[in-house]
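Enquirer: This is what each chain is made of:
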Amino acid sequence: MGLLDSFLYLMGPWPLFLCVLGTALGIIVGAIPGLSGAMLIALTLPLTFKMVPEQAMALIVCMYTGSITGGLVSAVLLRIPGTPSNVVTVFDGYAMAQQGQAGRALGLGVAASFFGAVFAWGALVLLTKPLADIAVRFTPFDYFALVLTALVLISSVSGKSMVKGLLAGMIGVLLAFPGMDDNTGRTRFTMGVWQLTSGFDILPVLVGVFGVGTVMAELVKPIGKGQALVYSSDGLWMKLSEWKSQFWNLVRSSAIGTWIGILPGVGASVGSLVAYTVAKNVSRTPEEFGNGSASGIVASEAANNATVGGALIPLLAMGIPGSVIDVFLMSAMMIHGIQPGPLLFEQHASIVYVVIAACLLSSVLMFGQMYLMIPFLRRVLDVPRQFVLPLIMVFCVVGVFASSNRMFDVWIMLGFGVLGFLMERGGLPLGPFVIGFILAPIAESRLRQGLMMTDGSYLPLVTQPLTLTLMLLAVLLLFWPLLRTLRRNRRSRH
Amino acid sequence: MDAGESRAETALALLAIALSSLFLFEGAKLKPGVFEPIGPGAVPMGVAVLTIVLSLLVLHARWRAGPELAGPDNAQAAPSERWLLMLGMAALTLVYAAMLHAGLVRYGYVTVAYLLATFLLMSDRVRQDLPWAFALALTFGMGLDYVFRYLLVADLP
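Protein chains in written order, with the working numbering: chain A, 1 to 494; chain B, 1001 to 1157.
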C-alpha cells in the first residue's frame, strides 16, 4: 500500500470515523487543563488490540494532532495551557482575548496550527524514506550511540535540571531490565516473581505513569479553573491580509517546530518556546509580544503542531521516538507485533504510509473540527473534575486488565502510578523516564551485539565515524550545562 | 519548590538508590554469557551505578538548598492541596483492585460502587450530587462491563 492508497484507505467509512473521533477526542482532552494527549492515548491503547494495526495507528496519530491543538482553547480563554505545548500561547492569546478579541486569537491559533502541521507533513514525506535508507546501514554501535544521544538530549531539555532529567531516564532504563534476557535466554532481576518473566509490560507502565499518576497529582494540586473570558466569534477566520503578513513567521516557526520535532524526545513545548523567542527577536515590534501579539500566537501554535510531523520522522525512519507521545505510537506498533526501526519501511510499508497519511488527514480534520467545536469546548472546560477523575481511574484499571486478563498488571500499573506521581511532585520529568524505558532494551541489545561482532572490543565506539560523532555529541550535551555555568562564572568575575 | 515537593524529590532519590542497590546485588549473581563478552548483568549494573551517582547529586543539591526551600514558610501546604482526598481515593482504588482480584463480585457491580463512592468523596455538595453520581456510576459501571465483556471479549471478573 503506497501513500495514495493509504489516503484512500483512510477515506473508508470505519477508518474515517476513527480519525474523526480520534481528532475530536484529542481536541477535547487537550482543551481540559490537567489532562493530556499522552493520557488519552494510554487509555485508548487497550481498545486498539482488536483493531487492525493501520486503524490503530491512524486513531493514535489523530488523537496526537488533536490534543496538541486543543490546548489552545483553554490557553486563550482561561489563561491555563491545556497541554504544556500551549504555555507560550498563553502570553499573547489571553492578552488578546482580554482585549475582546478571543475569536481572533483562537482563529490565528487554529490557522497557524494547520499551517505548521501541513508544513511538517511535507518534511515527513520528503525526509523519512531517505533517512530510513541511511539508517538501514547503521552498525550496532551506531545505533547504540544514537539511542544514547537521544537519551542525553531528552534529559537535557525536559525539565529544569539536567541531573533530574538524567535520573528520570536512568530509572526508566533500570526498570526495563527485569525479565528474559534475549541474548542468553535467562531471566534476570525478577526477584523470584514469575509474573515478571516477560518484564514489566509496557501498557501498565504507560497507563500507570500518565493515567494514575496524573489523577493523583490533579487530586493533590488541582489546576485552578481560571478566569473565563467572554468568547465572541468575531475574527475567527484568519483574513488574507493576515496570512500575507504572517507568512514568513508561519514558515520560520513551522521549520523550527519540524526541526525540533526531529530531535529525539524534545517535543512540542520546546518547539513553541524557541519559535516564539525567534519571532520576538526578529520582530520590528518586540514590545507587542506578551501584550496580545498576533505573531506570538502564530509562532507558538505553528511550531507546536509542526513538531508532530517532525517527531514522526525519527520514529518511522529509525525507531527512535521523537516525542513522548511517539512512545505510545511505538508501543502500539510493538503490541501489534511490529518492530519499529530502520526495517519498518521494508517489512511494514503499509503502516508507515498510513501513519504519514493520517498525519495530514488529522491536520485537515483538526482545522475543520476546531472551528466547529470552539463554542462547545468552552462548556467542556466546566465539566466537574469530581466526575472526570474517578472515570479515568476506572478506564485505567479496566484497560490494563483487559489487555492481559491478569490482575498482576493492574497492581503494577498502580505501583507505576505512585512512581509517576512522586516524579511529578519531585520535579523529575516523565519524558526521559518513558523514553529510557522503551529504548533501554534496544540500546543494550545493540551494544552486546556489537561487542559480540568485535570479540569484546569497544574500539569501534571511537573508530567508526558516525558512532564517534554521536558519542561526542552525547558528551557535549552532557557537559554543556557545566561549561555554560563555568563560562558565566568567569564572565561575572571579569 | 515547596516542602511537599522537596520531600518527594528526596524520597525518589532514596528509592532510586535502593532500587539500584538491588540491581547491583542481583546483577552480581548473574553469570556471564558463553558466547558474548559482557553477559546479562554488566549493562544493568553500569546503569545502577550511574543512577546511584545521579541520586546522590540530587540529594546533595537538596541538602545544600534545603533550609531556604523547605523552610517553615514553605512547609505549609498550599490551600489547594488536598492530600486527604488523594489518600481517600487511593484507599478506595486499592479496595476496588482487591475486590476485582478476589473475583467474588461481578466487575460491573464493583465498578458502580467504586464510582459512586469516589464521586461522592470528591463532591462538595453530596446531597445535590447524589442523583447525578448514581446515574453516572450506573451508566459507566454497567456500560464498561458490557463493552469489555461482550464487545471486546475481555475475561472480566
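No lab work stands behind these hints: they were computed from the structure.
There could be a bad hint or two in this list.
Partial list, derived from the structure: chain B residues whose beta carbon lies under 7 Å from chain A [said to hold, decoys possible]:
1) Leu1057
2) Met1086
3) Ala1098
Virtual Cβ for every residue (Gly too), placed ideally from N, Cα, C.
Enquirer: Does each hint hold? Answer for all of them.
Expert: Tested hints:
no. : hint    : in the structure
1   : Leu1057 : 5 Å, holds
2   : Met1086 : 4 Å, holds
3   : Ala1098 : 9 Å, violated
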